[in-house]
Amino acid sequence: VEEILTKAKKVAEAAEVFLLTSEETPLQFEANRLKSIQTKQSTHLALRIIKEGRLGYATTTEPTDGQGLVESAVETARFGMPAKFELPSTTTYPKVDVLDPAVNSTPIEKMGSLGSELIAIITDHTPDIICEAMVVKETISLKLINSQGGQASYKKSVFSLGVIGSLIRDTDMLFVGEMQSSCNPLTQPQDIARVVLNQLELAKNQASAPTRELPVIFTPRGVASAFIPSLMMAFNGKTVLEGASPIGNKLGKKVFDRKISLWDDPTIAYRPHSRPCDDEGVASQRTPLIERGKVASFLYDLQTAALANTRSTGSGRRGGGLPAPSASTLVIAPDKTSFNDMVSDIKEGLVIEQLIGAEQGNILGGDFSGNVLLGYKVESGKIVGRVKNTMVSGNVYQALKEVTAIGSQAEWVGGMVSTPPIYCPRLSVASKG
Amino acid sequence: MPDIKAVSRQLAQDLKKYRADYIEARLEESQRSHITYRGRELESVGQATAVGGNIRALIKGGWGFASFNDLSDLPNRVELAVKQAGLVGKEESKLAPAEAIVDTVANEKDSPLAISLAEKKQLLDQYNDIIWGTPKLQTSVIGYADSHKKTIFLNSAGSYIQQQRTDITLRLSAVAAGNGQVQQVGLSLGSRGDFSSIQNLHQEVAEMARNAVALLSAPQVKGGEYTVVLDPVLAGVFVHEAFGHLSEADFVYENERLRQVMVLGRQFGRSELNIVDSAALPGLRGSYKYDDEGVPATKTYLIKEGKLVGRLHSRETAAKMNEKPTGNARAINYSFPPIVRMTNTYIEPGQASFEDIIADIKEGVYAKNWFGGTTSMEMFTFSAGEAYMIRNGQIAEALRPVVLTGNVFTTLNNIDAIGNDLDMNQGGGCGKGGQMPLPVSNGSPHIRIRKCLVGGS
Numbered sequence: 007v008e009e010i011l012t013k014a015k016k017v018a019e020a021a022e023v024f025l026l027t028s029e030e031t032p033l034q035f036e037a038n039r040l041k042s043i044q045t046k047q048s049t050h051l052a053l054r055i056i057k058e059g060r061l062g063y064a065t066t067t068e069p070t071d072g073q074g075l076v077e078s079a080v081e082t083a084r085f086g087m088p089a090k091f092e093l094p095s096t097t098t099y100p101k102v103d104v105l106d107p108a109v110n111s112t113p114i115e116k117m118g119s120l121g122s123e124l125i126a127i128i129t130d131h132t133p134d135i136i137c138e139a140m141v142v143k144e145t146i147s148l149k150l151i152n153s154q155g156g157q158a159s160y161k162k163s164v165f166s167l168g169v170i171g172s173l174i175r176d177t178d179m180l181f182v183g184e185m186q187s188s189c190n191p192l193t194q195p196q197d198i199a200r201v202v203l204n205q206l207e208l209a210k211n212q213a214s215a216p217t218r219e220l221p222v223i224f225t226p227r228g229v230a231s232a233f234i235p236s237l238m239m240a241f242n243g244k245t246v247l248e249g250a251s252p253i254g255n256k257l258g259k260k261v262f263d264r265k266i267s268l269w270d271d272p273t274i275a276y277r278p279h280s281r282p283c284d285d286e287g288v289a290s291q292r293t294p295l296i297e298r299g300k301v302a303s304f305l306y307d308l309q310t311a312a313l314a315n316t317r318s319t320g321s322g323r324r325g326g327g328l329p330a331p332s333a334s335t336l337v338i339a340p341d342k343t344s345f346n347d348m349v350s351d352i353k354e355g356l357v358i359e360q361l362i363g364a365e366q367g368n369i370l371g372g373d374f375s376g377n378v379l380l381g382y383k384v385e386s387g388k389i390v391g392r393v394k395n396t397m398v399s400g401n402v403y404q405a406l407k408e409v410t411a412i413g414s415q416a417e418w419v420g421g422m423v424s425t426p427p428i429y430c431p432r433l434s435v436a437s438k439g
Numbered sequence: 054m055p056d057i058k059a060v061s062r063q064l065a066q067d068l069k070k071y072r073a074d075y076i077e078a079r080l081e082e083s084q085r086s087h088i089t090y091r092g093r094e095l096e097s098v099g100q101a102t103a104v105g106g107n108i109r110a111l112i113k114g115g116w117g118f119a120s121f122n123d124l125s126d127l128p129n130r131v132e133l134a135v136k137q138a139g140l141v142g143k144e145e146s147k148l149a150p151a152e153a154i155v156d157t158v159a160n161e162k163d164s165p166l167a168i169s170l171a172e173k174k175q176l177l178d179q180y181n182d183i184i185w186g187t188p189k190l191q192t193s194v195i196g197y198a199d200s201h202k203k204t205i206f207l208n209s210a211g212s213y214i215q216q217q218r219t220d221i222t223l224r225l226s227a228v229a230a231g232n233g234q235v236q237q238v239g240l241s242l243g244s245r246g247d248f249s250s251i252q253n254l255h256q257e258v259a260e261m262a263r264n265a266v267a268l269l270s271a272p273q274v275k276g277g278e279y280t281v282v283l284d285p286v287l288a289g290v291f292v293h294e295a296f297g298h299l300s301e302a303d304f305v306y307e308n309e310r311l312r313q314v315m316v317l318g319r320q321f322g323r324s325e326l327n328i329v330d331s332a333a334l335p336g337l338r339g340s341y342k343y344d345d346e347g348v349p350a351t352k353t354y355l356i357k358e359g360k361l362v363g364r365l366h367s368r369e370t371a372a373k374m375n376e377k378p379t380g381n382a383r384a385i386n387y388s389f390p391p392i393v394r395m396t397n398t399y400i401e402p403g404q405a406s407f408e409d410i411i412a413d414i415k416e417g418v419y420a421k422n423w424f425g426g427t428t429s430m431e432m433f434t435f436s437a438g439e440a441y442m443i444r445n446g447q448i449a450e451a452l453r454p455v456v457l458t459g460n461v462f463t464t465l466n467n468i469d470a471i472g473n474d475l476d477m478n479q480g481g482g483c484g485k486g487g488q489m490p491l492p493v494s495n496g497s498p499h500i501r502i503r504k505c506l507v508g509g510s
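Line by line, the protein sequences give chains A and B.
Here the numbering used here is used: the first residue of the first sequence is 7, the next is one more, and so on.
Here the numbering used here is used: the first residue of the second sequence is 54, the next is one more, and so on.
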């Protein structure tokens, strides 16, 4: 890595070498039993240079091929975007705990029994359910050095445990599921099973929904599937810079209900997307996005921040390409209302656990429209059964402008988003009944 | 860079030393380049090279899999995969028979390799200028990528197959904003290595940008059931989501109840409906000679005259269902094992002209182009990039993009007209089991669906 930096410095004004190595061991269960054990070793080496003021970029899986990498980056720098930023020099990083050696030392046999126990709890409850489960341990090692003297490195462990159950009765299919992820080993399959058993109980009966506006409660999983994709695009500094974010010119203004506060915080210990620094070596920080309904700030990497005349929020993330602004660990603050009180408040309405296709409309504009993959009908303050063949549509900015209530209890969804349930007074529902 | 050919020869010897019911290896080397624009400016240009491989072993019905970038320690990787398979396996291994094949498949077209970054950029500059020549435009995104990949597949039965492929994708989108509204229209194209297929699109690009601006003043459809007409692009996405995924045998083979539902001979549609998946068609993005288990590509009827007649298989799913392998086991790259996937999936053309199809619709929706689609097997959604009301047999006012949804057990049966204008869309990428985007193509003629649920205000 040092050698590549030395080579790159000779031909460019500035250079940065980024090395990501990982070893991942997924166990897959199909049809209620262990089907495969995998081990995935990967190496990703990226070189970013600034030559004659322009960005050049190349990646390889082969650390010994430094010369080829430098040449390739130089070739792209002829056309690259003008670099408006300076690479960070020596930086002090916050201490963020993301490595637990117990993840790597978890034996495969133990992982196998976690998956089997999880499936056993669910099949004991519903014998004819077919489960797919996944138990994964992963160790990631990141190293970054640049020509300004900046350097960062950390190791991270990630452990994930998840299940999807399908229950088929003739042509009626019910899908239930839950997945959790942490930098510590997950040792309690019953925590995941509890979510799934609750879904199975609530979906036991079928109910029908009318085609009209109804009050809708989004569970934490529902919030993540309906609202988060649009919000993440809107708070991305790049979208704001282009003038394509519906809230880009609303900084400091009230756009959402004052009960809503949202922030991005990669410094929370042992969350899978937490880290001491971003993928450009900028220190991690907690960035408020919505403060009591007001737009508080946007997420920036180095280049976008420079173009927007602001500072990086330490949100640069690489998905195989150049860094771009991206959220890491999102938190929506809980409020006062319990989930049960929300349900009791509804005469006729829906509870949404998962929408499919919601992220496929005009998410830039905030529109969402999804089929209710898992959701329930509420009648006279009680959940009466599962709804199917039903679409819920709306616009994030209208739906979150005034909400009836925010739940008192937040849950982690997947490991990346922590949110309580959100109760919207009315949304458009179209249903075949 | 390590020479995967030399490595593969040694590996062919090594595979024989281990005790397993079956072992295979895949080695890959690839070069990629990408150019993206956001707004007026070029945002990113980059090049990537990768070398990697995997070993997959089967023992008593259990699979072990090891993937790697580091090719220096292969005997240990083989050992690891075999050991893992041994930990899993408790039953009998079942794999449909497949001939040992030794073959070298040359690339059909690889024109991007001969074209410089400067030339690629010049074309994209032209498209970006066209987009930005449109008034009221807020921003735009253009993403171009090409990849060239060499793969060597070998297995313990003596197969040794070298294949190459080149892929090109081009995605453009124009974003218009005004009065607190943001609207976008996109265009997705792809090709199996033929750069000329993304040239000369200047008119389409201009139309895309104008459409984005026009959407700002378009109303949203009222949610509910409509008679819907889909253009070939969106109907292709529909057939992929609505039926293609359900015909992938890995969802079915170990699920007794689903096997009863998906029994061959079951009537899903009217007698005019024929659905095909074929990797054997030449030159499309889902085309290949051998799949990632070394099985030759086939043409498979999924629906014939409205009845379920076939499904897509890997060697394992075929054996477990007592059906023939179809050569549909695919992996997005060396870091994943192959799973059952679609290739080129389409509805065969019928007799009706577009005018016939819309003639007797009093009030309906004409949906074109695509944003995306997804399925839960029974229920699926797919979203249109453009939509118009149909009134009294005529295309009427433009609508905001719509999301449509259906249920596989009723919606296919509600297709009551099939056009004569089959067209394949090359711009798609399919996701399944964390493997995305896999190059596929989808196609269809115009089709009419009665009682289709449309989300709206």
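Please keep in mind that the hints were generated in silico from the structure rather than gathered at the bench.
Only a predicted model underlies this, so the values are computations on that prediction, with no experimental measurement involved.
Even for Gly, the Cβ is constructed at its ideal location relative to N, Cα and C.
Errors might be hidden in some of the hints.
[Said to hold, decoys possible] According to the in silico footprint, chain A covers these stretches of chain B (three or more CB under 8 angstroms from chain A):
id	stretch
1	62-68
2	97-107
3	228-234
4	301-315
5	335-343
6	352-362
Structure-based check of all given hints:
Remark: the stretch 62-68 of chain B is not confirmed as covered by chain A, as 0 of its residues place a Cβ nearer than 8 angstroms to a Cβ of that chain, below the required three. A count of 9 residues in the stretch 97-107 of chain B with a Cβ less than 8 angstroms from any Cβ of chain A is obtained; the coverage claim is therefore met, three being the minimum. Residues of the stretch 228-234 of chain B lying with their CB closer than 8 angstroms to a CB of chain A number 4, which satisfies the three-residue condition for coverage. Remark: the stretch 301-315 of chain B is confirmed as covered by chain A, as 5 of its residues place a Cβ nearer than 8 angstroms to a Cβ of that chain, reaching the required three.
Interface restraint, the stretch 335-343 of chain B with chain A: violated (0 residues with C-beta to C-beta distance below 8 angstroms; minimum three). Under the rule that three or more residues need a Cβ within less than 8 angstroms of chain A, the assignment of the stretch 352-362 of chain B is violated, with 0 such residues.
Hint compliance for this structure: hints 1, 5, 6 are broken, all remaining hints hold.
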